[in-house]
Amino acid sequence: MELLNANVAFQKVSCVMSSVMKLCNVDCRNNIFPKKDYVSAISATRLFVSQAHAAIVCSEQENQTLYTDETKKNGQPYVVFVTTNEDKKPFLLGLRQMSNKAAQTQLDEFKQILGDIDLRYNQVTTNEVNNQLSIKILQNIKCTMSDRAAPRIL
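Heads up: the sequence shown runs through residues 1 to 154, numbered per full-length UniProt numbering.
Do not rely on the hints blindly, as some may be mistaken.
Stated by the list, open to error - Derived pair list, reagent style DSSO-like, types lysine-lysine, alpha-carbon separation capped at 30 Å:
| hint | residue 1 | residue 2 |
| --- | --- | --- |
| 1 | 89 | 142 |
| 2 | 111 | 73 |
| 3 | 111 | 101 |
What the hints assert, rightly or not - For each label pair, taking beta carbons as the anchor points, the in silico distance ranges come out as:
| hint | residue 1 | residue 2 | range |
| --- | --- | --- | --- |
| 4 | 115 | 25 | 49 to 55 Å |
| 5 | 20 | 45 | 21 to 27 Å |
| 6 | 111 | 50 | 17 to 23 Å |
| 7 | 112 | 42 | 24 to 30 Å |
| 8 | 15 | 47 | 18 to 24 Å |
| 9 | 35 | 122 | 25 to 31 Å |
| 10 | 23 | 97 | 35 to 41 Å |
| 11 | 23 | 86 | 40 to 46 Å |
| 12 | 32 | 104 | 50 to 56 Å |
| 13 | 33 | 147 | 41 to 47 Å |
No lab work stands behind these hints, which were simulated from the structure alone.
Beta carbons are placed, not taken as given, at the ideal position from N, Cα and C, and that holds for glycine.
When you get a sec, could you build the whole thing from the sequences and use the hints?
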């Protein structure tokens, strides 16, 4: 997990572990290291848990600010949605690739992210009650902040 947190690609984790062990003169029994499929599964689980955690925290804290920003990478527009609480602690709700910069597209992506938050929460918890965390998150947003770029209307 620490290697993934340090931005080591999941397919390189076993190579990094092997190199570090050699540097420390430590011998691994049978040279068995995690396979990339296992590390990938751990990474996906980590994402689910972090999204569920952000959903719970954002649904419980009032007076949040929603920040949105759009950028292009290789000619393709992306949008990010982040909330902060009163202490300015940020929580990433989602980052998505968009088909265009239209305001309706951004709204559709935000709705999809909120739907994903509910889905992830239900996947990682055993809570029988289907709490609509996305509704609570929306109710707790009191301010919005966007970049200065005007959205395109198509």
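Tested hints:
1. For the proposed pair residue 89 and residue 142, the alpha carbon gap of about 15 Å is at most 30 Å, so the pair holds.
2. At roughly 22 Å between alpha-carbon atoms, residue 111 and residue 73 fall within 30 Å of each other, so this suggested pair holds.
3. In summary, the hint linking residue 111 to residue 101 is supported, as the alpha carbons are separated by about 16 Å, within the 30 Å threshold.
4. Between residue 115 and residue 25 the beta carbons are some 51 Å apart, a value that agrees with the proposed interval 49 to 55 Å.
5. Taking 21 to 27 Å as the suggested C-beta distance range, the pair residue 20 and residue 45 conforms, at roughly 23 Å.
6. Distance hint check: the CB atoms of residue 111 and residue 50 are about 21 Å apart, consistent with the given range 17 to 23 Å.
7. Taking 24 to 30 Å as the suggested C-beta distance range, the pair residue 112 and residue 42 conforms, at roughly 25 Å.
8. Separated by about 22 Å at the C-beta atoms, residue 15 and residue 47 satisfy the suggested range of 18 to 24 Å.
9. Distance hint for residue 35 and residue 122: a CB-CB separation of about 29 Å, consistent with the stated range 25 to 31 Å.
10. Residue 23 and residue 97 have their C-beta atoms about 39 Å apart, which keeps the hinted 35 to 41 Å range intact.
11. Checking the proposed 40 to 46 Å range against residue 23 and residue 86 shows it holds: the Cβ atoms sit about 45 Å from each other.
12. Checked against the hint of 50 to 56 Å, the C-beta distance between residue 32 and residue 104 comes to roughly 52 Å, which is consistent with it.
13. A beta carbon spacing of about 43 Å between residue 33 and residue 147 agrees with the range 41 to 47 Å that was offered as a hint.
The structure meets every hint from the earlier list without exception.
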